[in-house]
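I would like the entire structure built from these sequences, with the hints used as guidance.
This is what each chain is made of:
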Amino acid sequence: MKVTNVPSNWRSLVRVFALVPAIALLLLVNVSAQKKNSCVECHSQMEGTLAEPVQRSKGDVHDSRGLSCVDCHRGDATSDDIALAMDRRKGFIGKPKPSDIPGLCGRCHSDAAFMKTFNPSLRVDQEREYSTSVHGKLLKSGEQKVATCVSCHGEHGIRAINDPQSKVYALNVAETCAACHAKSDYMKGFKIPNDQYGKYKTSVHARALYDKQDLSAPTCNDCHGNHGAAPPGLASVANVCGQCHVRQAGLFQSSPHKTVFGLMQVGECVQCHSNHGIQPPNDELLGIGEKSACTQCHSEGDNGHAAAKRMRERIDEISTSISRANEILDRAERAGMEVSKPRFDLNDAKDALTQSRVLIHTFSPAEIDKVIDSGVDVSNKSYEAGGAALNELSFRRKGLAGSLFFILLLAVLIYLKIRELEARQERLQNQG
Amino acid sequence: MKAEPLTLWLDERLSLSSLAQLARKKEIPLHRHSIWYYFGGMTLFLFGVQVGTGILLLLYYRPSAEAAFESVQFIVTEVQFGWLIRSVHSWSANLMIATLFIHMFSVYFMRAYRQPREITWLTGVLLLLLAVGFGFSGYLLPWNKLAFFATKVGTEIAGVVPLVGRPILRFLRGGDDVTGATLTRFFGFHVAVLPSVTTAIVVTHLILVQMHGMSVPASLEGKPLKRMKFFPSFFLRDLIGWVLAIGALAALAAIFPWELGEKADAFAPAPAGIRPEWYFLFMFQTLKIIPAKVLSFDGEVLGILAFGAGGLLWFILPLLDNPATPRRRLLFTITGVVVVVYIAVLTIIGFVS
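Protein chains in written order, with this note's numbering: chain A, 1 to 432; chain B, 1 to 353.
Just so you know, these hints were derived from the structure itself, not from any lab.
Please note: incorrect hints may appear among the correct ones.
[What the hints assert, rightly or not] Cut-off 30 Å, straight-line C-alpha distance, at most; resulting in silico cross-link-like pairs (DSBU-like, lysine-lysine):
1) Lys417/A <-> Lys229/B
2) Lys417/A <-> Lys263/B
3) Lys152/B <-> Lys341/A
4) Lys26/B <-> Lys381/A
5) Lys26/B <-> Lys417/A
6) Lys350/A <-> Lys145/B
7) Lys350/A <-> Lys263/B
8) Lys26/B <-> Lys341/A
9) Lys145/B <-> Lys381/A
10) Lys25/B <-> Lys341/A
11) Lys350/A <-> Lys398/A
Laid out in structure tokens, this is it:
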């Protein structure tokens with residue numbers, strides 16, 4: 001039979017069928033290549049620390065995006081032969097040295113083109129920032145006890161930063177930093193204190209973060225930076241705090257204290273408010289009292305001392321006038337009087353008090369006078385409204401007493417009229 | 001025109017002399033239960049106070065979600081004696097419901113509803129319904145937080161009634177939720193619909209009372225009783241009660257001004273301790289006590305249906321108590337006592353819980 005006799009469509013069919021085993025073989029090879037991971041196969045059968053990488057990598061951000069052991073550790077995961085799989089000639093790294101870690105992570109994380117394939121908005125400057133940090137500089141100088149990427153993010157089981165299980169999730173950052181910085185033995189030789197974590201836990205920021213679960217409240221990295229972690233310099237403290245306390249920082253920057261603090265080489269905000277154990281500010285910080293921050297530098301006779309005294313007096317004045325108005329409005333309200341309008345108006349005075357506490361950062365009594373004058377005026381009006389309500393109450397009670405007298409008199413008169421009518425009626429009946 | 005010709009002129013046209021004759025003829029039987037006769041008049045007087053103070057409030061009240069609360073606030077703080085009018089209106093409303101209940105139960109226990117006064121009873125029960133309707137609609141009008149949520153709960157309860165509940169709820173609320181539309185229609189019910197219907201039924205009720213005269217308790221029927229002239233003796237005694245009521249209202253308004261509370265906010269969480277006005281409390285408390293499921297039926301639905309059925313039986317009472325046998329009389333008295341005790345106990349529990 002001549003081949004030419006075979007119909008052309010049959011020939012095509014034969015060709016297609018001839019291709020099937022070849023395609024199947026290719027697919028099989030590909031699938032087995034994808035599935036084959038001798039690292040996981042061996043380490044999952046091991047015990048202790050050697051099994052940990054496999055156990056902890058479940059849920060790992062890299063694992064979930066298809067990256068595998070060899071993407072960091074190199075080697076050949078397709079080979080079941082341990083010598084071939086972990087062959088250093090094939091680039092196998094094993095456990096990287098701390099000094100190699102930033103470069104190892106940076107191989108992908110500093111590659112903008114590569115990172116864009118996962119998330120176009122991811123930053124790629126972590127490695128560069130790290131090199132400017134105290135950690136990075138110490139590492140470069142040969143110190144091995146400093147934090148690298150894995151110290152904060154973990155080695156295996158790395159989570160996205162917005163994952164509550166991540167070591168660098170807002171609620172976990174302070175504990176992660178404290179793992180080294182709160183250990184006196186570990187920090188021995190670094191010549192920095194190790195009470196930051198303990199102090200931070202008592203601070204207003206920690207209360208906002210942990211008690212109110214306010215994730216925008218600052219933790220270590222919000223002031224020190226994360227990859228570029230370093231203590232803020234004395235002159236840049238106000239810039240750090242000013243990230244959130246914008247108005248106070250702005251006022252401070254244009255105040256006379258900015259220059260003076262610079263000359264005196266003292267920290268800006270921290271000089272009065274402290275740093276890690278920062279407490280909610282109160283009026284005691286101002287003025288010339290025992291707990292005053294002003295008297296750390298100012299003493300009787302200087303202008304600053306007089307200004308501090310004056311500002312405190314004005315703050316006390318508005319606070320007292322608000323309390324006085326509140327107290328009289330409470331009394332009127334308890335007596336059943338409607339005073340919600342003056343109570344609402346009093347909010348303006350409370351706003352003025354808040355504003356004046358912020359304006360303290362100008363350190364100018366004239367500036368806060370303007371706000372306090374209007375606030376005191378408002379609270380005085382509310383006080384007067386409360387007084388008027390109590391006067392009205394007294395007027396009502398007096399009016400009631402007078403009205404009741406006439407009402408009872410009228411009732412008695414009607415009663416007497418009834419008796420008179422009925423007596424007359426009885427007399428008529430008796431006569432009749 | 002001199003006084004005498006004017007009286008004559010009016011008499012020719014209005015037959016005033018026959019009315020005066022009727023008033024002169026009217027007598028009140030005197031016995032140990034006569035005190036209860038005063039409560040109908042007292043309720044009528046308090047209704048008059050409601051109409052008077054209500055009209056005065058209307059001069060300033062603005063029925064919209066945006067302005068209602070502020071207008072009542074204006075009335076009690078800025079308007080001369082506005083506080084007095086508003087407080088008297090609120091206190092008088094509550095006293096009126098109280099005297100209405102007393103009047104109704106006195107009629108019940110004296111069995112004054114029996115022949116020929118069946119229709120007087122029926123109109124009386126209708127007036128009770130209208131009075132609580134006034135209370136329910138008026139409660140929302142200041143548009144404060146407590147009233148807003150109480151109305152929400154109250155209309156929700158109405159919505160549970162099988163078949164007609166949902167349309168009733170939507171009709172009352174003017175939509176699916178309590179909104180400004182609810183306020184506007186409650187205002188309409190409160191100042192137009194209910195007053196006109198109530199006036200018509202009150203007039204009918206009063207005409208029937210005049211037609212049949214005062215009922216004497218069954219136990220005293222046929223016995224020789226002393227009688228008192230309505231004019232002037234009984235009327236003047238009534239007047240003493242009314243004058244004293246004005247004194248009581250003034251004292252309550254001055255010493256315990258009716259609270260305004262906070263403005264309603266649909267997005268605010270419901271305040272703790274929402275409860276309806278005291279006269280709804282026994283029903284509200286009952287619905288709270290009934291288990292969620294009774295056999296396979298919804299407990300709340302069963303409760304509402306039971307109150308509906310109870311109300312209907314109460315309405316047609318004169319027809320049930322006929323013919324009145326001694327055994328039936330005893331049964332009705334016991335039922336009445338049970339109802340009064342039930343209402344009192346559940347109301348107290350509602351207040352303390």
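Taking the hints in turn, this is what the structure says about them:
In summary, the hint linking Lys417/A to Lys229/B is supported, as the alpha carbons are separated by about 15 Å, within the 30 Å threshold. Taken as a hint, the Lys417/A and Lys263/B pair is broken in the structure, with Cα atoms around 49 Å apart against an allowance of 30 Å. Of the pairs offered as hints, the one joining Lys152/B and Lys341/A holds, with about 27 Å between alpha carbons and a cut-off of 30 Å not exceeded. Taken as a hint, the Lys26/B and Lys381/A pair is broken in the structure, with Cα atoms around 61 Å apart against an allowance of 30 Å.
Restraint check: the Cα-Cα separation between Lys26/B and Lys417/A comes to about 20 Å, which is no more than 30 Å; the hinted pair holds. A threshold of 30 Å between alpha carbons decides the hint, and for Lys350/A with Lys145/B the separation of about 25 Å falls inside it, so the pair holds. A threshold of 30 Å between alpha carbons decides the hint, and for Lys350/A with Lys263/B the separation of about 22 Å falls inside it, so the pair holds. Taking the CA atoms of Lys26/B and Lys341/A, the gap is about 55 Å. The hint is violated against a cut of 30 Å.
Under the criterion of a C-alpha separation no larger than 30 Å, the hint pairing Lys145/B with Lys381/A is consistent with the structure, at around 27 Å. For the suggested pair Lys25/B and Lys341/A, the alpha carbons sit about 57 Å apart, so the restraint of at most 30 Å is broken. For the hint linking Lys350/A to Lys398/A, the alpha-carbon distance of about 35 Å lies beyond 30 Å, and the restraint is violated.
The structure shown violates the earlier hints numbered 2, 4, 8, 10 and 11.
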